[in-house]
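Trainee: Chain A is already provided as a structure; the job is to place chain B on it using the hints.
Single-letter residue listing:
Protein chains: 2
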Amino acid sequence: MDNGKTKIPAAVVRRLPRYYRCLSALEREGAEKTSSQELAQALRLTASQVRQDLNHFGGFGQQGYGYHVRPLREGIGAALGIREPRGAVLLGAGNLGRAILKNFDFEACGFRMLAAFDVDPAIVGTAQHGVSVYPLDVLEEFTRRYRPSVAVLTLPASGAEEAASRLDLLGYSGIWNFTGVDLAERSPRLSIENVNFADSLMALRFRIK
Amino acid sequence: MDNGKTKIPAAVVRRLPRYYRCLSALEREGAEKTSSQELAQALRLTASQVRQDLNHFGGFGQQGYGYHVRPLREGIGAALGIREPRGAVLLGAGNLGRAILKNFDFEACGFRMLAAFDVDPAIVGTAQHGVSVYPLDVLEEFTRRYRPSVAVLTLPASGAEEAASRLDLLGYSGIWNFTGVDLAERSPRLSIENVNFADSLMALRFRIK
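First to last, the sequence lines map onto chains A and B.
Read in order, the letters of the first sequence correspond to residues 0 to 208 in numbering that gives the first Met the number 0.
Read in order, the letters of the second sequence correspond to residues 0 to 208 in numbering that gives the first Met the number 0.
None of these hints come from the bench; they were simulated from the model.
None of the values given here were measured: they were computed from a predicted structure.
The reader is advised that the hints may include incorrect statements.
[What the hints assert, rightly or not] List time: in silico DMTMM-like cross-link candidates among lysine to aspartate or glutamate, alpha-carbon distance up to 25 Å: (1) K32(B) x D198(A); (2) K101(B) x E73(A); (3) K101(A) x E139(B); (4) K6(A) x E28(A); (5) K6(B) x D119(B); (6) K101(B) x D136(B); (7) K101(B) x E161(A); (8) K6(A) x E73(A); (9) K101(A) x E83(B).
Just chain A, same shape as in the assembly (with noise of 0.2 Å):
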């Protein structure tokens, strides 16, 4: 589905989970067609922002009839790529780590988890959740064999940025970064995707009194 990709804007990108998410739920309760006002309220969008955002989406809505459920999450699933699944690993397998490899569904995103890495003596050797652990320094070597894509990056903020070069210099695609240091892009193959809980709890304490 590469053909669709280029065409849409990044804005529209960072929404599309939040309609694949919205839509899965509508077909787990049954539902077979929805509107844009039904997505709007559920997403907290305009109905006419709904139906710019869907246009990228061609030929599974009709004016005036509303949104086909199952063909419009196929085709946004295809386009966020969940059907194709993508290697990935885990560097870090301290209590976040743990937490994120315990409760974390990667096949519902597109990625399948091959292996975690630490240096903790401790942890090194033992499976969490599933995941073996293997020493942090064979990365390398396990990069080369398997070919992961991606790394969720889930060490201290203090080994971030070395990672990050590490991981670059072996290929990846992608760093899922929870860390909390703001990895700054460092080449247009690697994206990085900086997840801050500091925005979040920031943008909540706006909110109340």
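Mentor: For chain B alone, kept in the frame of chain A given last:
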């Protein structure tokens, strides 16, 4: 700083924490002035959008001169409420909850972490990174006595809705929700900030080949 709050559009509010972080970093580096171009580059926005956003904090910028870093950072911090910390509690001191207690700087976001609550007898009665863990069934009593404003939800997804209703009844002003369940706002008095890891990973999946 309530005077400015109601006037700032939601989309701008969403960006304020990023401005705040960027300005804090500039200040640490000793910068006294910055420009809309510099901020735009750091935040991946256009310079004209930066100027529009920062117009809501009038008086810190001058045409053709740029912005004074510290007063602008302080003005945004005040608008965000960071200088008047509110009490917070954490519900669910498992791996994710403990990772947040360990790594997250609540003070920097305008909160003071007062206590954690859990049902696991192995963890109740301990202190996790300096925060005492109480049995979940004393939440009512604790809340009446210490009047926290916000609850961090790091319990299993299955307990999310029930916990939210309980917090609503107890008069909480905000929920910082990590359960992965999208909680709908139940009353205008209770703001909910849903942190959805999946959205961010799906956005990354889209960006890699």
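Trainee: All hints are to be evaluated individually against the structure, with a verdict given for each.
Mentor: Going through the hints against the structure:
no.	hint	verdict
1	K32(B) x D198(A)	23 Å, holds
2	K101(B) x E73(A)	39 Å, violated
3	K101(A) x E139(B)	30 Å, violated
4	K6(A) x E28(A)	31 Å, violated
5	K6(B) x D119(B)	45 Å, violated
6	K101(B) x D136(B)	24 Å, holds
7	K101(B) x E161(A)	22 Å, holds
8	K6(A) x E73(A)	18 Å, holds
9	K101(A) x E83(B)	36 Å, violated
Checked against the numbered hints above, the structure breaks hints 2, 3, 4, 5 and 9 and satisfies the rest.
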